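K.L.:
Okay, here's what each chain looks like letter by letter:
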Amino acid sequence: MVGMTAATSSAGRDLFTTVTSRIDAAAAINGSPSFVAMLGRIYDPTSLGNTSLIKLTTFGAATLGVVASMLVVRHTRREEENGRLELLGAAVVGRQAALAAALIVTLGTMLVIGALTSLALVATGLPTGGAWAFGMAWAATGMTFAAIAAVAAQLTMSARSANAIALGSLGLFYALRAIGDTVGTADEPAIWSWLSPIGWGQQVRAFAGDRVGVLGYPIGATVVILAVAFVLASRRDLGAGLLPDRAGAPMAPPSLTTPLGLAWRLQRGPFLGWVVGYLMLGFLTGNLAASVGSFASTDQLRDLIRRLGGTQVLTDAFVAYMFGFTACLTAAYSITVALRLRAEEESGLAEQMLATSVHRRTWLASHVTIAVGGATVLSLVAGLSAGIANAMRTGVGSDVAGAVAASVVYLPAIWVITGLAVALFGYLPRASSSAWGVLVAIFLLDELGALLGLPVWARDLSPFAHIPRLPGNAMTWTPLVILTALALGLLAAGVLRFRRRDLTTA
Amino acid sequence: MNMAIIATGLVKNFGSARALDGLDLAVAAGEVHGFLGPNGAGKSTTLRILLGLLKADSGAVTVLGGNPWTDAVELHRRMAYVPGDVALWPSLTGGEVIDLLGRLRGGLNPTRRKDLLDRFDLDPTKKTRAYSKGNRQKVALIAALASDVELLLLDEPTAGLDPLMESSFREYIREERVQGRTVLLSSHILAEAEALSDRVSIIRNGRIVETGSLAQMRHVTRTSLTATLRGVPDGLTGLPGLHNLAVDGTTLTCEVDAVALDGLLSRLASIGVVSLSCQPPTLEDLFLRHYASTTTS
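As you go down the protein sequences, you meet chains A and B in turn. Numbering of the first sequence is given in my numbering, commencing with residue 542 and proceeding in unit increments. Numbering of the second sequence is given in my numbering, commencing with residue 582 and proceeding in unit increments.
Rather than coming from a laboratory, the hints here were simulated on the basis of the structure.
Straight line, CA to CA, 20 Å or less: simulated SDA-like cross-link-like pairs of lysine to any residue:
#1 B/Lys714 with B/Pro744
#2 B/Lys636 with B/Gly646
#3 B/Lys695 with A/Pro794
#4 B/Lys707 with A/Arg806
#5 B/Lys636 with A/Glu892
#6 B/Lys636 with B/Gly590
#7 B/Lys636 with B/Arg788
#8 B/Lys695 with A/Ala790
#9 B/Lys636 with B/Asn786
#10 B/Lys707 with A/Gly789
#11 B/Lys636 with A/Met894
#12 B/Lys714 with B/Gly665
#13 B/Lys707 with A/Pro794
#14 B/Lys695 with B/Arg717
#15 B/Lys714 with A/Glu887
#16 B/Lys636 with B/Val654
#17 B/Lys636 with A/Tyr968
#18 B/Lys636 with A/Thr1045
#19 B/Lys636 with A/Leu1037
#20 B/Lys695 with B/Gly715
#21 B/Lys636 with A/Ser898
#22 B/Lys695 with A/Leu797
#23 B/Lys636 with A/Arg1041
#24 B/Lys636 with A/Arg971
#25 B/Lys636 with B/Asp652
#26 B/Lys636 with B/Thr651
#27 B/Lys707 with A/Ala788
#28 B/Lys695 with B/Thr706
#29 B/Lys695 with B/Arg751
#30 B/Lys636 with A/Gly889
#31 B/Lys695 with B/Met746
#32 B/Lys636 with A/Arg901
#33 B/Lys636 with A/Leu890
Bear in mind the structure is a predicted one, so any value in this text is a computation, not a measurement.
Just chain A, same shape as in the assembly (with noise of 0.2 Å):
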């Protein structure tokens, strides 16, 4: 995060070395409802910093958002599932312990990464005072939401349902939000936005007047909802929680036969909520590709999407872009799938159904049967919300065809991931996670390889830098069919290993 944030400042000097350039970015954000529901309006189009960071201001603090509910939930309901809370709580320790530990750390890495994000800013040459006022508006929003992850900690009786309920709530927030800014007026957002901890971040205007004095919101509300969270942990019993489990049906329904059917009764709950997501963002992007050409009103910032996106179509280059960064987002959806087989294994449910006359290869094709599937699928999706929202905006039909195909093309790429996640399952199974590091490392390349001008050969190391850049790159299929045979090989390579290896718990 703090990388990111040091980057897109030093990338944004030099694209905005003019104040002019600035005001005239500034205008066309401010003027497209779609971007302001995005990124959220500029304040003062004059200061690079505003204007740079424009794009974290929103999305860096929904991110931290993400990881301090994430982190909340872990180390209270998950811990509480796994029967360590037990161990814990049986010996001499306060039963709101836990909770207050778990939050300590998430408030201290709230802290730690706001710190040196600022750090980082001014270093990057932008003035003190606004480094600051950034990077704590960064950790205010992110304890706010690790506030609230830890009341739906104490309401759910599992960890998923506690994640779901954190996570709908940073959605909804930054839905407020979104609402705030596009419903105001240039200087002044709706009521919306102030109710939301993701509004309170951006009012606080780093760079463009530092209102640290809005920082009171966000630490207000930590301070009343840690309360609340605290009272009601110290009501509960340990593992329940204050929602009742619904009961559910006494027999097991036909679908429920297979492993197959399994694993897809396991998934499709997240798995739809990711559609939902794809189809927003689809839908998003669809829209804003037929105004990015007001948007980019510099040749520097043209320069740069270009760069990007590959092309020298302006729009069909933000496309590109958009769509590399969803296929990202998609390989993380096929990993979550995918690692699901070695969480199974370490907690005894693979063996289970071992135990029954159950091939290995049939139950670990189940799980990469969804794993590649709902890849393919999200792919369709965002492809297809994407090209019918460009249509309706530029009330051209034949493009839907080439959005689709824009997002589809990424697959092979993304089906390598999945493959190298099943191979370190079979060779590896106790490294299978550091596929996330390989996730990231890849999606760091592709970020700021384009930023930072990194040599081929490095950003060639990344699956998704040989996929063609569609629409407006040729279409080249040699390279897709090299990586079809590399994912191939390493499922292949995985379910062979697996099928030799024992089943191990540790």
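Assemble the complex: chain A is given as a structure, and chain B must be docked to it using the hints.
P.N.:
Then chain B, alone, in the frame of chain A:
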């Protein structure tokens, strides 16, 4: 005689730890075989090798006439397994898990399923994350017992069950035996093995140290007895089947073989008994007593 399980010289290492050190096991078809040993002796490892979840480093093993590693899927249609630590999918209900496991095995008997749910008093509509440990165990037990298989592999099946459920379980195993099913029952509770098994194998440090019918292993079925008498107990030292006798005034403690219990009690009654307590030995006691000496000698 038809053998359900034959294992010879099984060796299994986990890194530098030697879990199985030349294990021999023979289970005849249609018998209830107790597999006894203290924690960490290798019982679960053996069961996992029999299921084809682990591959032995050396040795030979045949289950139901086939190789458990290569023929795993066909053999599993004829076997049912209850693990020691039952893990279930938290968002499924107990009923759904039972049906799922039954279907994956090749079929459940619906009347038996209903009968078992009643006997074990389990609510199938609750999600498994809402079950206690004992109830999770019941889910796995019911899924195994309701299926029509030849061989049951049970790893400490009653570890979390209350006494009422435990007696239901024993009743059911006796019925299974009458049907001709083979049961390999791993446990560290001697009393349970005593009640159910035809033959018993005792494992320690990865090897079988004793195997045979319980009648043959009479010396492991001793009762610890503590009695306070009206008079001073004497003349007891020479009694057959009496071990580790310790007398303190009018209180005596000893260990007595099952066959000699009757004789001892009549002698104590003749002296006059004020209070009496008996305790069946756990396997840990036996090991501490019988086999600890072999490490020092």
